[in-house]
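*Asks:* If you're matching them up, the sequences are chains D, L, S, F, E and R in order. All residue numbers for the first sequence refer to this note's numbering, where the first residue is 69 and numbers rise by one. All residue numbers for the second sequence refer to this note's numbering, where the first residue is 69 and numbers rise by one. All residue numbers for the third sequence refer to this note's numbering, where the first residue is 69 and numbers rise by one. All residue numbers for the fourth sequence refer to this note's numbering, where the first residue is 69 and numbers rise by one. All residue numbers for the fifth sequence refer to this note's numbering, where the first residue is 69 and numbers rise by one. All residue numbers for the sixth sequence refer to this note's numbering, where the first residue is 69 and numbers rise by one.
To be clear, the hints were calculated from the coordinates, so they are not data collected in a lab. Since this is a predicted model, take the numbers as computed values, not measurements. Possibly wrong hints are sitting among the right ones.
Note: identical chains are not told apart, hence a pair may lie in one copy or across any two.
[Stated by the list, open to error] Keeping only pairs whose Cα atoms sit at most 20 Å apart, straight-line, the calculated SDA-like set for lysine to any residue is: (1) K351 - A245; (2) K305 - A277; (3) K260 - D329; (4) K78 - A129; (5) K321 - L308; (6) K187 - R254; (7) K234 - P100; (8) K234 - G157; (9) K293 - V190; (10) K260 - K305; (11) K260 - K303; (12) K185 - R254; (13) K234 - A253; (14) K293 - E322; (15) K187 - G327; (16) K303 - Q276; (17) K293 - E269; (18) K321 - S297; (19) K305 - G278; (20) K185 - E322; (21) K77 - R128; (22) K293 - L307.
There are 6 protein chains.
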Amino acid sequence: MDISIIEIKKIVESALSEDIGSGDITTAFVVPDNLMANGIIVAEEDIVLSGIGVAEEVFRALDSDVAFEALANDGDSVKTGSNIARLHGNARTLLTGERVALNFLQRLSGIATLSRKFKVAVNGFPVRIVDTRKTTPGLRTLEKYAVRAGGCWNHRFGLFDGILIKENHIALTGGIAVAISSVKARVPHTIKIEIEVSNLEEVREAVQAGADIILLDNMDIQMMKEAVSIIRGHKDKNLLIEASGGMTLDRVKEVASTGVDIISAGALIHSAVWANISMDINKIKE
Amino acid sequence: MDISIIEIKKIVESALSEDIGSGDITTAFVVPDNLMANGIIVAEEDIVLSGIGVAEEVFRALDSDVAFEALANDGDSVKTGSNIARLHGNARTLLTGERVALNFLQRLSGIATLSRKFKVAVNGFPVRIVDTRKTTPGLRTLEKYAVRAGGCWNHRFGLFDGILIKENHIALTGGIAVAISSVKARVPHTIKIEIEVSNLEEVREAVQAGADIILLDNMDIQMMKEAVSIIRGHKDKNLLIEASGGMTLDRVKEVASTGVDIISAGALIHSAVWANISMDINKIKE
Amino acid sequence: MDISIIEIKKIVESALSEDIGSGDITTAFVVPDNLMANGIIVAEEDIVLSGIGVAEEVFRALDSDVAFEALANDGDSVKTGSNIARLHGNARTLLTGERVALNFLQRLSGIATLSRKFKVAVNGFPVRIVDTRKTTPGLRTLEKYAVRAGGCWNHRFGLFDGILIKENHIALTGGIAVAISSVKARVPHTIKIEIEVSNLEEVREAVQAGADIILLDNMDIQMMKEAVSIIRGHKDKNLLIEASGGMTLDRVKEVASTGVDIISAGALIHSAVWANISMDINKIKE
Amino acid sequence: MDISIIEIKKIVESALSEDIGSGDITTAFVVPDNLMANGIIVAEEDIVLSGIGVAEEVFRALDSDVAFEALANDGDSVKTGSNIARLHGNARTLLTGERVALNFLQRLSGIATLSRKFKVAVNGFPVRIVDTRKTTPGLRTLEKYAVRAGGCWNHRFGLFDGILIKENHIALTGGIAVAISSVKARVPHTIKIEIEVSNLEEVREAVQAGADIILLDNMDIQMMKEAVSIIRGHKDKNLLIEASGGMTLDRVKEVASTGVDIISAGALIHSAVWANISMDINKIKE
Amino acid sequence: MDISIIEIKKIVESALSEDIGSGDITTAFVVPDNLMANGIIVAEEDIVLSGIGVAEEVFRALDSDVAFEALANDGDSVKTGSNIARLHGNARTLLTGERVALNFLQRLSGIATLSRKFKVAVNGFPVRIVDTRKTTPGLRTLEKYAVRAGGCWNHRFGLFDGILIKENHIALTGGIAVAISSVKARVPHTIKIEIEVSNLEEVREAVQAGADIILLDNMDIQMMKEAVSIIRGHKDKNLLIEASGGMTLDRVKEVASTGVDIISAGALIHSAVWANISMDINKIKE
Amino acid sequence: MDISIIEIKKIVESALSEDIGSGDITTAFVVPDNLMANGIIVAEEDIVLSGIGVAEEVFRALDSDVAFEALANDGDSVKTGSNIARLHGNARTLLTGERVALNFLQRLSGIATLSRKFKVAVNGFPVRIVDTRKTTPGLRTLEKYAVRAGGCWNHRFGLFDGILIKENHIALTGGIAVAISSVKARVPHTIKIEIEVSNLEEVREAVQAGADIILLDNMDIQMMKEAVSIIRGHKDKNLLIEASGGMTLDRVKEVASTGVDIISAGALIHSAVWANISMDINKIKE
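So here's chain D without its partners, still in its complex pose (with noise of 0.2 Å):
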């Protein structure tokens, strides 16, 4: 995985912590305290895989002896009935880590399987889907991963990482040229400048003030069209034309051909549900 190990332990502590509390009782009053078991976690429909890697840290974080292998990577198209991992070890450790690790598994699964379908949707143009700050609070790090492994992109990860001036913040002041002449004046030069406009005036305002991403939202596709001829009119400047505001799966494609670069969609985690994935765990054979 491409992001943090040190992110992942404490969001997987956390989310054992949250199911087992105290202790799994029904495992501890049942099962013996040394049986050894295999798993095997299986997808029960045809999903793209995300999250694998995490699920083999809630059963490492649980008994590091626990034999983890998986058989599929993350971004993965993977098969109904199709084997994803393997696992031996400590019969009460699988028990108590499955719900735990397909909550994981099943959640980004999902995000991805979502993904990988607006991706093929706008196949064969040159435009990025992308996602928003819509995600579960708590689990923006791996929901966002989620997409990457679908085959889509981020945007920027919160409020510190990304300008993006929103309508809301233009009402509030002077308007698009001093909103972006204050940001220019103090943001980091790592940084490109997003505005958010809504109508063709806006456009021409934004792509004058000097913004390097004009996002356009809520526009309806001839809107877009047009906006998109403005700004490519300014060769030069070469600036990043986004769109956004209820990009569903059916809309994209028709988005896509209007020339715009990059297509932002909260669907893609907000309307996911979750992959149907699931887990056997057997007792060795003797």
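Based on the hints, put chains L, S, F, E and R in the right spot on chain D.
*Replies:* Just chains L, S, F, E and R, lined up with the frame of chain D:
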């Protein structure tokens, strides 16, 4: 809310840290420090509301001087276009808190809205729809709260506060009778013993062994009916009957008609998509 | 141990931070860095052991290379002078970890030893002695574990995983029947409903209202007997009867003789004094 | 209180999380949200009070609107039946905070009450009774505070803020003189050097080597007297003499009579049982 | 301040815990509990102020009743002997918070003061002096804030919010072109791509490969000039030019004269010594 | 190191989180996952080394498989160009950990190097140079460790482990005698009592009142000499004399010549600039 304020504050603070990091640079660079503003949170579709108190806590954590007036309560059906809350306070605070507040509201109201649909689907039947442990890691307390706001009920919270002997447990030990008697010997007397069964023989065994709750897992309707009939034959045991396994909105009414007491549906949470809710922030007219 | 390794690690690390702070200056200034030593943990009086796994974790958290061999298990009766564990490792680690390891062992074994006495006191009666929520703040998981090591049982863990309607609750609402029906409407189906009563009228009311467990609080022996007789008259309801209030070692046998199913005694934990356990550390003979 | 409010808040919040978890379900299901109540905390036996400020902080952490009026101060002798504090506030808050507040008060007052007995036992002698590092993991700050409330004194807090060269340290290095001179070369000048000795030869060696405090460990009364006599012979060195080892309430007066300056007794904390304190919560009469 | 209040509170609380631990024993033993006092914070040399809001938060965290009046703002030049802030409140609180408040103020004002000197040194040149990731572990948010207070700018915050392909990265892969194209394929569109080069050939390669920012590392003045000339030859690419490597106060003017856009100087932070600031606390005259 | 491994791990993990956040995107996008590399840490100027064990822990926290071989010890004088440590491991890990490891090494070695200069400046005098509480918030444990590595000593760690009655304390109470006797009545017997004085009258008063350490604050050399003479006149009291106030490298020798025992100098830490240390990372030749 009927959940601990200590927990809510922790979850909210952690969500704010995730999104804001070292600071909201767009707002800091664009909006004057002392500007006041009004905000309004609006339902963009018909929803069942959940999380209004969490949203309030988001703004309160940033600035105790923000005025937040809820215009609807958790559990209320809110129509498209209705106002959910009115805010007044420092413009920067409203802008910085907006997304996190909405992320909670949209995720939780999404769950509440779907839960309400499940509840309505079994109207008239003496049955409870309950959730499962299939929840987003880190957000279980709030997601289970949203299920209640939708009018459904909760199953156990985690591995520590309930006994559910699953197929995997039984497979790893000496069978249903042994498992139940092991648990009986050790479980706190305040907790009921639930066991998962998948055929009628197991049903009979579980009843004999003294389970309190029989979970009919992945049975077809016919088998469920027979299982109910067998279990109801032991009136003096006051057993509860729960059904689980692929409980979609389409199926629950038919399952309810089998006479089970409880239907557990992971879908309440894992198949909920976000409710569409937005926030407008306006300068105060002078 | 049947408690979560995640929780144990947190408690142990926090205890080590409390005692060691920035560093064990005596040891650092006196003992060479690379000296190896043997340690032996010894019972200085007859005890029931509890916490051996926690003690091991204390040394492991400081230095994963320490060898720790337990010579007795939690729950074992250990005689004066018997060895409990043998250690081998860096001399500084043994010296630095000694007090924290003993603090856990002495506190937990103190509880296990007293719990065993309670258990023995009611030998032959079909009754459980259980603990209460009267535990040392921050140490409940381990203290309740020690109660089990002593051979007694646990009541609910906290306010979140059990229903106990107490006198104060009833006084603040409309009485027993209302309180129980309010709870029934909302409590997860996995949790039994317990209610505290202090006279026979309340006993009858609680039975009628459908409680699962009747807690006879601060009744004298005669009243307890009558209460038991009333409740056992409702055989079909399978009610559990618990007695509480000043349950000292002297009294529990007489209380057990009334026929109650459970005796809850805060004394298991709040009146336990530390078991006398010591540790010797010796240079390795060359 | 003379302890850091930052630490108290952390301990209190952690204790509340432990007990309440996701929520106090009994109270939430039974007691209306907006009900107000009065509470009264009462001594059920003669105690020395400790922890009243912690109890206040418990309720304050749940709800800043609770009124908490202390009717006695830490260190006060409180008679059976006396009121310790009066509360007024939301009924749910009083019910939810009750047990945690009492757990602190009962544990700390138990220690203060026992400490007071030790202090009284040596009345008239120019001696201090001090505690040790035998404290409940996680609660040392508060337990040492309770010792002071009882009228005794504290030894060092942990391994970081005092030098105590114990038998084990000496055994692992080249003897008393070497150990003391190693420490002298490195210890901050603000900290005295204490060394544990168990016979008169070691006493003389420790005096020669330049210790500031001589700890007479597990000596009988006669040997203590001789040790005191030897040490007092070096008037110019201003040495402090401490005695330790099985210091029970029965023995301390005789030990004090030997002329030692300090008696360290783990029993102040590890042999204290909880003080009996209760809380009543009543609906407000209209 | 334009940084997150959530982060400031965490840093302040952690600093107070570090200094106060279980309690400020000198103050607790010497100063009466209810004494009120005035405090005044004074510049003992000419400084540029930074951290006044953090200092206020220090006292606020200890006691919300302290009155803190700032007499200067972050970024102000403050002359020797000038008052920076006036305080009024409980004497113990002022004494206990003094050192931590000053530690923040002195460290941050030291950085702001040095940053101002760098800024002044390049007055008249169209260049930004920016900081680096050479910051004190744990204090980056505040140290970068102090740089801004001094009138300079920030580079990226950490490894997560900016792309800087350094010599080590290039050495480990297939060269500049490959590295840049790998990044382009995956980096969020909101982030510019910066690459470090050390000779003119690399400059040309970086320009060709499509970098957004060229970092001239450890070049002499002559080579910098040639590099600038090469890069400015590609006007349509709008490239930014940054210079780094041993950027001391003595050198920056000459570097600025080469025409680079940005000079990054670790010295702003790692070579700043503390500003001299003190606090007086006085009894209130009756 | 003589500091707690528990604390080091916490500080290191927190520093890594600060720098890496969700992930090191440059490295992830540029460097293959399975590439191995060698690293070498080099002194770029003459330094006294401190923090080598912390640097090792940085890489260990990211990846337990990294081999880290220290080539010098803390406290060693290391010449320009000398190698400090050799590393071997995953190339991504070396790149990601580099800056944090160097930040610790450079800050701590900067302090050790300056401390060494102070120590050398008073060579031949029976005096200790000690640090103060003027330390970077959050880093006190390590900064005080670096002072020791440089050959100087530590004063108290914080407000909890030493008594220092300062001018402000005295001003707020009834004077020196009262302050000292209040402290004597309550302070643990393991801690010496230090008091700050600023003229000869106060010196006499402090001696009379029974202080253990007299801190001569901001006196000129002549007054210091007289103060020393007065205090040494009371030989039987074994008093320590400390001098403080603007103790720069230029002045300490003259101050040492007055005969004081201790010179406390905030400058050891607050005026230390970073040592110049770098790290090279190379592909392994095949």
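*Asks:* What hint numbers does the structure not satisfy?
*Replies:* none
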